[in-house]
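Number of protein chains: 2
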Amino acid sequence: MEPIDHQQFLNAAIAEAKKGLGEGGIPIGSVLVHQGKIIGSGHNKRVQNGSPVLHGEMDALENAGRQTAAVYRECTIYTTLSPCAMCSGAILLYGIPIVVVGENRTFMGEEELLRSRGVHVELLDSPECYEMMQSFIGDKPQLWNEDIGV
Amino acid sequence: MEPIDHQQFLNAAIAEAKKGLGEGGIPIGSVLVHQGKIIGSGHNKRVQNGSPVLHGEMDALENAGRQTAAVYRECTIYTTLSPCAMCSGAILLYGIPIVVVGENRTFMGEEELLRSRGVHVELLDSPECYEMMQSFIGDKPQLWNEDIGV
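Chains as they are written, first to last, in UniProt numbering: chain A, 1 to 150; chain B, 1 to 150.
Calculated directly from the structure, the hints in this document are not laboratory data. Beta carbons are placed, not taken as given, at the ideal position from N, Cα and C, and that holds for glycine. Incorrect hints may have been included.
Cβ-to-Cβ under 8 Å is the rule here; a few derived chain B residues that face chain A [to be verified]:
1) Glu62
2) Cys84
3) Ala85
4) Gly89
Build out the structure end to end from the sequences listed, making use of the hints.
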């Protein structure tokens, strides 16, 4: 088996994040990958849809549509930012076994909870993801706080 | 202060669940209550919208729209069924302090996690909620399993 090219999929999540930024939204993106193929891509839709539930990961899950448990159990979810409690909960609900995180310096989500439930969390510590969030938060701190319930 | 009439709000959540059932969906409903007033109502939309993220509680949050952290911290969320990991995660993300659960005999969600994080979880053990789910699961066991990632 070839080694998985995490960067390729993280780049797809970053592209989603940038799409969100271009729409005036919060630049967090995600892709859901099944057997080496992206089956759902998404980005935070708080601003665009007035949505408190469509974080990047949630939007990727939503866009992947209804899947069986068997599919989720063969998936990896990529996200530009460490997954919050809601997104981590969705990962636990569906039994997604691997989460690849762009960065967690801006925000440390529920990585510990995920690991305690047997999810493999891999951190890429991407400077691009970090700088994207730092720049965004510098511009719109209140919007960011709203997104994480602060 | 008058005692809170939990049953009144649970009834509103049950009405949402029944609406979902009438649409061919999964009968789980929820209302988000702020200072004694419902600010968001919702029901599971898996079938109706092909949505894996719009559980009852998530739909209620979505329909309440964007709220500040200050509002969420004064909210109570009512749900006909014990909240799964995703919905519990959303409750934790937004710091909703009180969750009123119709029943947890059909499905035990993340009540322990919620309590461990300081959320007050109140169980009403409603026969109406229980019977509604039992009847539904008897009819459509596969749809139910899909909804809880089994």
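Here's how the hints hold up against the structure:
1. For Glu62(B), the interface hint holds, the least distance from its beta-carbon to any beta-carbon of chain A being 5 Å, beneath 8 Å.
2. This hint holds: Cys84(B) has a C-beta 5 Å from the nearest C-beta of chain A, less than the 8 Å allowed.
3. Against a cut-off of 8 Å between C-beta atoms, the interface hint on Ala85(B) holds, since the closest Cβ of chain A lies about 4 Å away.
4. This hint holds: Gly89(B) has a C-beta 2 Å from the nearest C-beta of chain A, less than the 8 Å allowed.
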